[in-house]
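Top line first, the protein sequences correspond to chains A and B.
Heads up, the first sequence is in the numbering used here, so the first residue is 27 and it goes up one at a time.
Heads up, the second sequence is in the numbering used here, so the first residue is 44 and it goes up one at a time.
Just so you know, not all the hints are guaranteed correct.
What follows is a list of derived Cβ distance ranges for each label pair [stated by the list, open to error]:
| no. | chain 1 | residue 1 | chain 2 | residue 2 | range |
| --- | --- | --- | --- | --- | --- |
| 1 | A | 601 | B | 403 | 30 to 36 Å |
| 2 | A | 37 | B | 442 | 47 to 53 Å |
| 3 | B | 100 | A | 199 | 48 to 54 Å |
| 4 | B | 326 | A | 88 | 22 to 28 Å |
| 5 | B | 181 | A | 202 | 40 to 46 Å |
| 6 | B | 403 | A | 367 | 54 to 60 Å |
| 7 | A | 505 | B | 557 | 49 to 55 Å |
| 8 | B | 211 | A | 105 | 16 to 22 Å |
| 9 | A | 37 | B | 73 | 55 to 61 Å |
| 10 | B | 326 | A | 199 | 20 to 26 Å |
| 11 | B | 558 | A | 393 | 38 to 44 Å |
20 Å max Cα-Cα, derived EDC-like pairs, lysine to aspartate or glutamate [claimed, not checked]:
| no. | chain 1 | residue 1 | chain 2 | residue 2 |
| --- | --- | --- | --- | --- |
| 12 | A | 404 | A | 393 |
| 13 | B | 263 | A | 142 |
| 14 | B | 333 | A | 185 |
| 15 | B | 232 | B | 167 |
| 16 | A | 456 | A | 435 |
| 17 | A | 456 | B | 257 |
| 18 | A | 406 | A | 435 |
| 19 | A | 615 | B | 554 |
| 20 | A | 260 | B | 448 |
| 21 | A | 503 | B | 167 |
It is worth saying that the hints were derived from the structure and are not from the lab.
Beta carbons are placed, not taken as given, at the ideal position from N, Cα and C, and that holds for glycine.
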Amino acid sequence: MARNRYDIDETLNKEFNMTSVKRLGHYIKPYSHNIVLALLLRITASAASMLTPIFLMKIMDIYIPMGEEGIPHIIKISIITLFLMLYVSLVICIKTKLMMKSGQGIIRDLRRDIFEHLQELPFDYYDSRPHGKIQVRVVNYINNLSDLLSNGIVNILVDLVSIAVILVYMFSIDIRFTLITLLGMPILFTVVIIVKKKQREAWQKASSKQSNLNAYIAESINGIRVTQSFVREKENAKIFNRMSDNYRTSWLNAIKFNLILPPTVDMISIITTSIIFVLGVSWIRGGSEFMTVGIITAFTGYISRFWTPITNLGNFYNSLLTALSYLELIFETIDEPVVVKDKEGAVTLPPIEGNIVFDNVSFSYEDNIPILKNISFKVKKGDSYAIVGPTGAGKTTIINLISRFYNLDKGHIFIDGYDIENVTIKSLRKQMGVMLQDSFIFAGTIMDNIRYGNKEATDEEIINAAKIVQAHDFIIKMENGYNTVVNERGSRLSIGQRQLISFARALLANPRILILDEATSSIDTETEIALQKGLLELLKGRTSFIIAHRLSTIKNSTCIMYIDDGEIAEQGSHNELIARRGKYYKLYKSQYQFLEQS
Amino acid sequence: MAPLKWFYSFLQKYNKSIVKGLFLTTIVSLLAIVTPYISGNIVDVVIEDKKYNLLAPMIIVIITATLLRGLCRAAFLMTFETASQNVIFDMREFVYKKFQKEDFSFYNRNRTGDLMSRQTGDMDAIRKFVAQTLYFSYENILLFLLALIMIFTVSVKLALCMFLILPFTALTTLIQFKHVKSKFSNIRKHFALLNTFVQENISGNRVVKAFAKEDYEMEKFTIENEGYMEAELGAARMWSIFIPIFEFLSNALIIVLMLAGGIMAIRGEISLGNMFTVNGYLWMLNNPLKQAGWIINDLQHMITSVERVYNTVNEEPEIKNPKKPVRKEHFSGMIEFKNVSYHAEDADIISDINFKVKPGQSVGIIGATGSGKSTIMNLLCRFYDVAEGEVLVDGINVKNLDLYELRDSIGMAMQDVFLFSDTIEGNIAYSRPDCSFDDVVRVAKIANAHNFILDTPDGYDTIIGERGMGLSGGQKQRISLARALLKEPSIIILDDTTSAVDMETESLIQDELGRLKNSTVFIIAHRISSIKDADLILVLDEGKIIEQGTHDELLAQNGYYATVFSHQYGEFEKIKKGGVF
Chain A
27 MARNRYDIDE TLNKEFNMTS VKRLGHYIKP YSHNIVLALL LRITASAASM
77 LTPIFLMKIM DIYIPMGEEG IPHIIKISII TLFLMLYVSL VICIKTKLMM
127 KSGQGIIRDL RRDIFEHLQE LPFDYYDSRP HGKIQVRVVN YINNLSDLLS
177 NGIVNILVDL VSIAVILVYM FSIDIRFTLI TLLGMPILFT VVIIVKKKQR
227 EAWQKASSKQ SNLNAYIAES INGIRVTQSF VREKENAKIF NRMSDNYRTS
277 WLNAIKFNLI LPPTVDMISI ITTSIIFVLG VSWIRGGSEF MTVGIITAFT
327 GYISRFWTPI TNLGNFYNSL LTALSYLELI FETIDEPVVV KDKEGAVTLP
377 PIEGNIVFDN VSFSYEDNIP ILKNISFKVK KGDSYAIVGP TGAGKTTIIN
427 LISRFYNLDK GHIFIDGYDI ENVTIKSLRK QMGVMLQDSF IFAGTIMDNI
477 RYGNKEATDE EIINAAKIVQ AHDFIIKMEN GYNTVVNERG SRLSIGQRQL
527 ISFARALLAN PRILILDEAT SSIDTETEIA LQKGLLELLK GRTSFIIAHR
577 LSTIKNSTCI MYIDDGEIAE QGSHNELIAR RGKYYKLYKS QYQFLEQS
Chain B
44 MAPLKWFYSF LQKYNKSIVK GLFLTTIVSL LAIVTPYISG NIVDVVIEDK
94 KYNLLAPMII VIITATLLRG LCRAAFLMTF ETASQNVIFD MREFVYKKFQ
144 KEDFSFYNRN RTGDLMSRQT GDMDAIRKFV AQTLYFSYEN ILLFLLALIM
194 IFTVSVKLAL CMFLILPFTA LTTLIQFKHV KSKFSNIRKH FALLNTFVQE
244 NISGNRVVKA FAKEDYEMEK FTIENEGYME AELGAARMWS IFIPIFEFLS
294 NALIIVLMLA GGIMAIRGEI SLGNMFTVNG YLWMLNNPLK QAGWIINDLQ
344 HMITSVERVY NTVNEEPEIK NPKKPVRKEH FSGMIEFKNV SYHAEDADII
394 SDINFKVKPG QSVGIIGATG SGKSTIMNLL CRFYDVAEGE VLVDGINVKN
444 LDLYELRDSI GMAMQDVFLF SDTIEGNIAY SRPDCSFDDV VRVAKIANAH
494 NFILDTPDGY DTIIGERGMG LSGGQKQRIS LARALLKEPS IIILDDTTSA
544 VDMETESLIQ DELGRLKNST VFIIAHRISS IKDADLILVL DEGKIIEQGT
594 HDELLAQNGY YATVFSHQYG EFEKIKKGGV F
């Protein structure tokens, strides 16, 4: 997959269709009883409101002419109105709550689904686009739907009801005029269809510019140290302004389309009204018996009531189209195929012993660039396996395949005889303790960070793990010891300290297979020696993989594998490989090279 | 009030277009009265009075009025949309530049997701206010006043009766204004929490997968997701009480008309016609009242967001450029630390650091994890200020130097390699975006990165993932090294830059670096091989220099350095005797 960076637009290669609307329907469905209740309440409230003009007419036509005797009637009718209005207010209160509950509920559900799906997506997905662009879909895009969902749905249903009611009235007054009024509809639809395509494109562009901006903001904050040390502030501000301007321009371009519909409706409304006036007047002048002043007055009164909900529909349609451009991108993420997933009928991997077999494994990240070529090896339980070789040779890839972070192109990996493709990913990964190259620390206390490896661990177990990896000493020196709060990525800790903490985290998982990818590269030799002593005890009976550049770290491994260009160039124990005088020997010698020179 | 003043300073720039927009709004409001008035006349004058020749001009007037109104409406909406976009464009720029200037301690205090929400969610609340609430409230106030004047001209007494509603309205406004505030700041708070959680989950996705903690993350996410929903609903619960109150107050006007108007009409104080007229204006009076609750919501939402943004950018960074900096075109790279101490919670503590480096010399720093190696370098770049003592570059205290000139003279490859989701070329050329491609290739070769770069799918044009995801640790380090070298800086800092690079490659890089004679070089490393050729080696322990000298001097001292050496290379003699080499 082509990779994306902050300033490349993400385009949606899909034609507009109604599936997104239908899918939104599924999200609305659980709240339909709320929505229906709100709608019914709203209709009763509208009906109650419609009584007031009638009451007022009654006062003016009947009670006022009655003189003083009318006053008690007026008071009575005012009190009735008072209660009606209290009812209306009560309905509005309940309706608002119902609709907010539904709208926010839908938003929560959508957000839950996209987040849940993101947890399943493979490394690739995260590696191939700026993280700010993923985030914007989970947080900001979904929020853009809130107005539509909280107020739009009920209002639009009310409008549809009123259109139907008014049409009935209009037909009952005069069929000819009604048909003339309806002539405006095809014109309106034509305008809508012409505008729609461009409007959708414009909003998609705006959403994509928003996404770009968001990505750039995120990277600017995360990379601030680099920016400041390279004095790039001005250049960055220029780029930021360019992207901010792009967002502004694309927004203003898109909003233009939203401004087309309301005046169009107004114009159609006024023109049909005019036609009715002209026709009505000429029919009256022609002495038509079917036309009266009353009909014209009543009908023109209804026309504006007919077009008002249609204007509302137009506005709703605008916000729907805007929302859809976001919704389509949200659904795109939810539909993102999960490449690495449990096979149908995958079994739970029982507690393992740790025998691992690579059988002719080939793998590539991008097509045509093979990373691993026909790798085969066997590891017995309890063995420690070291992987060495030049950077980029595929060392990390090998261990990533054991945890099934990627699918193989060819070949199989067996653990205790189970092909890892046939077991559930969760049961597989739960039994591994992986320490990644990039030791990620979460914001939170140090205790919580270590506990991430095993939620059930007691404080004692955590402290014990920290002691084994030699992290205990520096932790207790911090102001709140294990309860010291570290920032995201542990920015106040040195890399070495972060490595020790993620090492402790991996140990706490009590794994049968321990994978250490450059676990100690930033740790000083003295600490490492102390660490290794503790580790030796702990590793008994467990299978371990170690990637390291400092050969002192791996010398005592059961087997050392030299990976070069995606193939196993040599393997054997340290002594065997030295005796062989091949690549490992050369590597080993290189660390003493400077001593020979002196 | 300071936050609002600050906000106004941004709004002020677009006063003209806002005034223009409000003027157009006025026209639209006035035109809104024209069509119903003329339509009424068509019935009364044209049909009833049979003045048929007036029909055509009247129709022309209503069509023109509608067209004009439509155009003016579109024009003022666009004016306010543009103004709002301009205002937040300026604000975003201000906030961005401020964020760029903030020091490390600011970033240690604030979380990424939280800072991001200032630039996104909060900006959106402000945008909405300028784009919609401004004209909407003006339109409503205008209609309200117009209607009030009309009713006054009809009957002062009736108008005064309607005035009775106003104190209740004012009271409700005040109470709502006061009460919704905490609800909106709660929404903004939970928005930031949600944003922060999602941001961390995405950047920590590898750890989540490695530990199969998806369910746990989902649990935590649910807390934030529900928390945000609850915050929204909490606010809704609050304003869903006020909105109906306003609705009721506006409807009470009808009751006033019925009761007071009716009785006054019976007593002959007003005519029936007067009552008709007042009834016609009533919608202009009660619609704005119905909207008042929403307007207060939007207003308070905006104020909350402005305060949040303001409070974030209002902190002055502790480390800033001196008022009258000593300007230097070029640094020779002479460095001296004099009795330097630093102690704060956000970095390792160091104390009594003393050393001197001549231009072109190289310094190796070795010591235990957390012994303060990186802190020393951060003090040199003035990412932190010393607590005691002085850091001198070319004999001048770094506090007196132009901050940007100082940092520009230093090329730093940090131990925590950060790469941007950009092309490899873009990443290397980060410090000199306008440099030639040849320069990029040249430094990539020095950093021994050229060959693997050519092996990537698009070579130098390959886009790498955020933080260099997809590259191996050693590859990331070499790109970061090339980036530091491209500046041709007077001072080079390599903080654990080759820890993930294999030994053979490292020695190639070392040879290349040895040729850089014009720069003072600092190398922080754990492998003796990385630093043993340095002119000066500092050995740190618990924030103090415990040994310093050259490789041979330190070996002779038989202290910490010598112990590390024997741990790393002690076998050498043994192996040599055994005849391995």
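Query - Violated hints, by number in ascending order, as checked against the structure - result: 1, 3, 7, 9, 12, 16, 18, 21
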